[in-house]
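Undergrad: Given chain A, put chain B in place with the hints provided.
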Amino acid sequence: MTTDTFRDDLTALLPRLWRYAMVKCRNPDRANDLVQATCERALSRRHQFQAGTRLDAWTITIMQSIWKNDLRRESIRRGAGFVDAEDAGLVDTRESAEGKIFLAQVLQAVDRLPEAQKDAVYLVYVQGLSYEEAANALDIPAGTLTSRLVRGRTKIAEMISDTSERERSSEQT
Amino acid sequence: MTISDEELLAYADGKLTPDEMADIDRLLADDAEARETIAALRQSSLPYREAAEALIEVPDLSHIADQIKAYQPVAAPSRFRRFAPLAASIAVFFVAGLLAGQYLFPPGAPKPTQWAVWVDRIASYQALYTRDSVSPAATPAARKNGQMLRVSKLLGTTINAPDLAKLGADYKYAKVFAIDGAPLAQIAYLPKSGEPFSVCLMKTDKADHGPKFSTSHGVNVAAWRKGGIAYVFVGRTPRDMMDRYIGAIRADSGA
Numbered sequence: 003m004t005t006d007t008f009r010d011d012l013t014a015l016l017p018r019l020w021r022y023a024m025v026k027c028r029n030p031d032r033a034n035d036l037v038q039a040t041c042e043r044a045l046s047r048r049h050q051f052q053a054g055t056r057l058d059a060w061t062i063t064i065m066q067s068i069w070k071n072d073l074r075r076e077s078i079r080r081g082a083g084f085v086d087a088e089d090a091g092l093v094d095t096r097e098s099a100e101g102k103i104f105l106a107q108v109l110q111a112v113d114r115l116p117e118a119q120k121d122a123v124y125l126v127y128v129q130g131l132s133y134e135e136a137a138n139a140l141d142i143p144a145g146t147l148t149s150r151l152v153r154g155r156t157k158i159a160e161m162i163s164d165t166s167e168r169e170r171s172s173e174q175t
Numbered sequence: 025m026t027i028s029d030e031e032l033l034a035y036a037d038g039k040l041t042p043d044e045m046a047d048i049d050r051l052l053a054d055d056a057e058a059r060e061t062i063a064a065l066r067q068s069s070l071p072y073r074e075a076a077e078a079l080i081e082v083p084d085l086s087h088i089a090d091q092i093k094a095y096q097p098v099a100a101p102s103r104f105r106r107f108a109p110l111a112a113s114i115a116v117f118f119v120a121g122l123l124a125g126q127y128l129f130p131p132g133a134p135k136p137t138q139w140a141v142w143v144d145r146i147a148s149y150q151a152l153y154t155r156d157s158v159s160p161a162a163t164p165a166a167r168k169n170g171q172m173l174r175v176s177k178l179l180g181t182t183i184n185a186p187d188l189a190k191l192g193a194d195y196k197y198a199k200v201f202a203i204d205g206a207p208l209a210q211i212a213y214l215p216k217s218g219e220p221f222s223v224c225l226m227k228t229d230k231a232d233h234g235p236k237f238s239t240s241h242g243v244n245v246a247a248w249r250k251g252g253i254a255y256v257f258v259g260r261t262p263r264d265m266m267d268r269y270i271g272a273i274r275a276d277s278g279a
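If you read the protein sequences in the order shown, they are chains A and B. Each position in the first sequence, counted from 1, maps to that position plus 2 in the working numbering. Each position in the second sequence, counted from 1, maps to that position plus 24 in the working numbering.
Do not rely on the hints blindly, as some may be mistaken.
Claimed, not checked - Capping the alpha-carbon separation at 30 Å, the derived lysine-lysine pairs in DSSO-like fashion look like this:
| # | chain 1 | residue 1 | chain 2 | residue 2 |
| --- | --- | --- | --- | --- |
| 1 | B | K216 | B | K93 |
| 2 | A | K70 | B | K190 |
| 3 | B | K39 | B | K93 |
| 4 | B | K199 | A | K120 |
| 5 | B | K39 | A | K120 |
It should be emphasised that the hints constitute simulated quantities derived from the structure, not laboratory data.
Okay, chain B solo, but in the shape it has when bound:
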């Protein structure tokens, strides 16, 4: 009879009854390998939790606590299945947007275009942002360049982050999401005051058009297409500032 791993662990950690210990002692008498394992297990009975709590520093997580507090539960109607899941999405907050989107397009309403549905999803995601959602720390140029290279590679076209610093909005980060399997880049900015906003980009084969403004999920949206790229500006940004940012984006990228 051999000693199981569970028994070895329990024996080494002193979690057996005296009778069980005696049973294992008898087996150990004829099992040199098990005796070596027991010795190693006793040597590795260490203050793991204390080490993690003492040495892995936890930053201020109040922005996540705020998101937990603000999360709005929504009962998903059966039509939800048509839209989920978001393939390969690493930002699961998009799911909240998906759910919310069901109520913007209730059953019986004229069927929205795929693009309108996507823009609505982007707006619902951005609606979760507060200033606490993004780090106030400056993003190093090397990190920004690396992120933009990665975004360009994943979208299959060169993407340059519009420089909005001259208008007081700092680049924070760029991420790639999947929306119905299509890559979508999000470039996040934090202005000197007010809420953060995002410029989202996707490849498109649709015809160019100028900015179309709307409001969705309490955030302002402007969407336009130029040169095979669909742009969406989204945020709780006053219209006059949106116009300035969009002007700079279009000037910067020829969009």
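Chain A with its partners taken away, still in its complex shape:
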């Protein structure tokens, strides 16, 4: 991969990197910092990127590492780790009112998972990484990743089911 192609591909990844950064940081300023730091590290280490492998998986691994080692503790210390998704601006309720209620429920359910399960679900089902790539990004064994996926999705099913039940109850009253 030439330098220019690398830069072009990295630039094309920015929206996906930003969404994942937003899920992790829950604050636009800190998400911006995380994306900038990720891009700089990717550029400075591009010689380590193996041609023929996925740049998105490699870049997300870098972002995960920066988050884990540098930013997560700071973000939680500032209280950003305990903000409701809607309050954090993660879910656009204006859009929800215009027919995206179900998608908002899906995203909120993911967001309410414990961080380890949320990362697993997000990397596999939103970012489209393979189990192996997601496990590598999170620095965990593949078996741990699939376990987190099963537990996370089981909780999501419970949350979606509870929401549907509440909606049925309110319609009947």
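TA: Relative to chain A, chain B alone:
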């Protein structure tokens, strides 16, 4: 024989061959718990990507695209190891400055002081800034106060952001970096026109001195010490404006 999590996921998501499905069906016949898990997994087979793309709004990221385009790759000589890593730094753009700093102080040159090396790093970091690097939106007073409280706590001394609004430069944010393990505060400002600039502060036990001006990495630098604080003004700021800003900073903080 139990069914693995990977098999449960593949079964629920319909990713198995008919033969593999039949094998799992036989195991499920005697495993009520696994059947419940399969039901939950099927219920949670949801449009996750569509939800994220539809609902997590992406702002204008052209400033980061510009930084990617402008990034200058530099081959790191072996002496680089002496300077890396920057402990606890959350702004990895500092690393670019580290690399650049190796060329300002080539092997064989007189050894610079630690302070000179640090000032050079700060300049190299600031050299990456453009107007697009900082948000044009006004910073709420509450956020500014919170940031300054945090900076003061991390530096271990009270730091007040100099008020440069009267000279047309708005406070944008304050961050704390680590430079060789020592906390360094950066207060970023955006003037009405021209490039953003920063006022950086560190605690010091060195003697006071007045502003010393230099140019490094294409940005103008002024460094001075006063009352246990080392100040560095850095930016692509014309010298006449630097003098005005520095005068206001020194008047504002007794520096």
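Undergrad: For each hint, tell me whether it holds in the structure or not.
TA: To see whether the hints hold, each was checked on the structure:
1. B/K216 - B/K93: Judged against 30 Å, a Cα distance of about 25 Å means the pair holds.
2. A/K70 - B/K190: violated, 41 Å
3. B/K39 - B/K93: Given that 30 Å is the threshold and the Cα spacing comes to 41 Å, the pair is violated.
4. B/K199 - A/K120: holds, 28 Å
5. B/K39 - A/K120: holds, 22 Å
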